[in-house]
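K.L.:
Below, each chain spelled out in residue letters.
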Amino acid sequence: AQSVTQLDSQVPVFEEAPVELRCNYSSSVSVYLFWYVQYPNQGLQLLLKYLSGSTLVESINGFEAEFNKSQTSFHLRKPSVHISDTAEYFCAVSDVGGTSYGKLTFGQGTILTVHP
Amino acid sequence: DTAVSQTPKYLVTQMGNDKSIKCEQNLGHDTMYWYKQDSKKFLKIMFSYNNKELIINETVPNRFSPKSPDKAHLNLHINSLELGDSAVYFCASSQDRLSGGAWETQYFGPGTRLLVL
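For the record, the sequence lines run as chains E and P. Each residue of the first sequence is one higher than the last, beginning at 1 in the numbering used here. Each residue of the second sequence is one higher than the last, beginning at 1 in the numbering used here.
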């Protein structure tokens, strides 16, 4: 069985400050890792994902996440946040191979609030 | 054009009623999903269909019945609604390959906010 833990339910930060949203997972098999973002009253959108290769993955809007296998973590970072980054962020995992057919296991979500 | 659409957006109903939520995707994807997001924002998969065939069926009361008339549509019918069914229900889709599509991006609809009184 898989599980995902997002260690912070809420993260308030000032505009242009750096931010880190923490995610740890537990799984008995290899996993793919995802970060999804949910803006108010909208569905989830993929922010970035780790499948294989370089452990550092980046999104087009300046977020990055690093896969750390030994610590079973996939923390999300941004060096300088904007007001528009205010949203809820979900970490998720899915099994590599098998017949999971894309089943995602989500963390509890972290609400990022960027203050001016 | 909306990639994944859901109707209705809001649904307020009484306990015991039967209701349906419709989902359509115009992305040409093979796989569709239903998720439930509870009041604490915890998101959990309910069902998944691949080319109209049920492939994931989590521990969900049998009052919930998904129906896929074609691979572009996955509807959710709920019988005898209970207070605990109040939640936001998200439909999603992804492109799968024969070996399984765990790496594929899932595209989510805007959600249906269900309130059972």
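Bear in mind the hints are in silico, worked out from the structure with no lab data behind them. None of these values were measured; they are calculated from a predicted model. There's no promise every hint is true.
Some chain E residues near chain P, calculated using beta-carbon distances under 7 Å [unchecked claim]: (1) Y39; (2) P40; (3) L46; (4) Y50; (5) L51; (6) G53; (7) T55; (8) L56; (9) G62; (10) K69; (11) T72.
Cβ coordinates follow ideal geometry from the N, Cα and C atoms, glycine included.
K.L.:
Tell me, in ascending order, the numbers of any earlier hints that this structure violates.
P.N.:
Result: hints 1, 2, 4, 6, 7, 8, 9, 10, 11 break, sorted rising.
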